[in-house]
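Asker: Protein chains in written order, with our numbering: chain A, 1 to 220; chain B, 1 to 220.
Any given hint might turn out to be false.
No distinction is drawn between identical chains; accordingly, a pair holds when it is met within one copy or between any pair of copies.
Claimed, not checked - Pairs of lysine-lysine, DSS-like flavour, derived with a Cα cap of 25 angstroms:
1) Lys114 - Lys65
2) Lys85 - Lys38
3) Lys85 - Lys65
4) Lys13 - Lys127
5) Lys54 - Lys159
6) Lys159 - Lys65
For the record, the hints were derived by calculation from the structure and aren't laboratory data. Only a predicted model underlies this, so the values are computations on that prediction, with no experimental measurement involved.
There are 2 protein chains.
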Amino acid sequence: MTKHFDDELAELKVRLLYMSGLVEEMLGFAVKALAERKAELTSEVFKKEEEVNKLQVEIDDRCLKLIALYQPAAADLRFLTSAIKINSELERMGDQAVNIAGSGLELLKHPPLKKLIDIPYTAGLVKEMVRSSLDAFVRGDIELAHTVLANDSKVDELKEQIFRELLFFMLADQKTITVALQLILVSRHLERIADHATNIAEDVIFIVSGKDVRHHFKYI
Amino acid sequence: MTKHFDDELAELKVRLLYMSGLVEEMLGFAVKALAERKAELTSEVFKKEEEVNKLQVEIDDRCLKLIALYQPAAADLRFLTSAIKINSELERMGDQAVNIAGSGLELLKHPPLKKLIDIPYTAGLVKEMVRSSLDAFVRGDIELAHTVLANDSKVDELKEQIFRELLFFMLADQKTITVALQLILVSRHLERIADHATNIAEDVIFIVSGKDVRHHFKYI
Chain A
1 MTKHFDDELA ELKVRLLYMS GLVEEMLGFA VKALAERKAE LTSEVFKKEE EVNKLQVEID
61 DRCLKLIALY QPAAADLRFL TSAIKINSEL ERMGDQAVNI AGSGLELLKH PPLKKLIDIP
121 YTAGLVKEMV RSSLDAFVRG DIELAHTVLA NDSKVDELKE QIFRELLFFM LADQKTITVA
181 LQLILVSRHL ERIADHATNI AEDVIFIVSG KDVRHHFKYI
Chain B
1 MTKHFDDELA ELKVRLLYMS GLVEEMLGFA VKALAERKAE LTSEVFKKEE EVNKLQVEID
61 DRCLKLIALY QPAAADLRFL TSAIKINSEL ERMGDQAVNI AGSGLELLKH PPLKKLIDIP
121 YTAGLVKEMV RSSLDAFVRG DIELAHTVLA NDSKVDELKE QIFRELLFFM LADQKTITVA
181 LQLILVSRHL ERIADHATNI AEDVIFIVSG KDVRHHFKYI
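Kindly generate the complete structure, drawing on both the sequences and the hints.
Answerer: Shown next, in the form of structure tokens:
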């Protein structure tokens, strides 16, 4: 073994943070393409997805090798098995950003329904959740993890608000149905990214405090 | 250590299969409640979700203890870290069944749009995918895993077909919008369960063959 376990762990954290940075950028470009009606921005999303996919394989490998080589004790083992799960969460967030880019391309075939305000605002919150959940994980910061859970409730409220507004459009004028439906799907994709960030935050709270909140917040 | 590693592994497999059985039942009840307009069936879904949540914690614990106690070599280690991921997938499938039950309760507030055919049919396919993905995992059956991927394409097609049909209803008569939207959401929940089963099947192919198909099937 040429490197110390702690160095390897530090490197793993850097790679996870880099991956979450990519996912944030994907989300940013996808929503910007949608809000500013710039189809060309979606190509950035597809390009970065390839990188995210490669990273997922690399990070999975790193985690397995670290467990097999160093046979870490309880806390480090839990960190590494969580890293494997978080790696999947990040990759799926990337998939959702791709879905948003796809909806964006669909939407550009139609005239705009209205100036988009709630969707970019929600996307901003969701981006913050992604960043905070990963920061909370690498630092073991339980307070930061709780802010992610709080933001998830806000995103859920926004999703309901967006749904009601778009339903209103559809009921008032059936010509809006196709566009409004796509926008509803976009807000669901955003919600799914928020859910993935929430899964990460719940894992962090579990790892740090030993308290399992996964089946607690669901019932609030 | 009172038990042999292989016995523990066998027990873990039994628990995972039991958990997937519960998820299948949840899905069955949720869709039956919807199709037969029987609100009382949804309570079965909520009851079983609690059991699934408890199982998730138990199975996570089992996996971590097995890794820590026996420090298994490459193949077993990969199996156990995959079991941790699959455990999450199953729990999230349960969440989607709960979402379907919720949509069912919403739909019962309105007169039926039409006799539901495609949704129960899709649900049948999805249930089969859940069962096959878990069977493939515990047996390391790569052929069975491939049937899951094939069914996922069918589910995607059905989802598009359901979407087009419901869009047609909405465009023809705006009084159908609320109900049609809920049904679209139900078909998306079903698709998400299918996606989770697909994730499991891709993991199985990866574990057994060492071939990473996760970022292959997405582009087909």
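Asker: Which holds for Lys54 with Lys159 at a C-alpha limit of 25 angstroms: within a copy, between copies, both or neither?
Answerer: The answer is neither: 31 angstroms in one copy and 29 angstroms across copies each exceed 25 angstroms.
Asker: Treating 25 angstroms as the Cα threshold, decide for Lys85 and Lys65: within, between, both or neither.
Answerer: both (15 angstroms within a copy, 17 angstroms between copies)
Asker: For Lys85 vs Lys38, is the C-alpha pair at or below 25 angstroms within one copy, between two copies, both, or neither?
Answerer: neither (34 angstroms within a copy, 37 angstroms between copies)
Asker: Could you place Lys159 and Lys65 in one of the four classes (within, between, both, neither) given a Cα distance threshold of 25 angstroms?
Answerer: neither (40 angstroms within a copy, 40 angstroms between copies)
Asker: Since the copies are identical, ignore which copy is meant and state whether Lys13 and Lys127 lie within 25 angstroms (CA to CA) inside a copy, between copies, both or neither.
Answerer: Within one copy, since 19 angstroms is at most 25 angstroms while 37 angstroms is not.
Asker: Up to 25 angstroms between alpha-carbons, please classify Lys114 paired with Lys65: within, between, both or neither.
Answerer: neither (51 angstroms within a copy, 54 angstroms between copies)
Going down the numbered hints, you'll see the structure goes against 1, 2, 5, 6, while the others check out.
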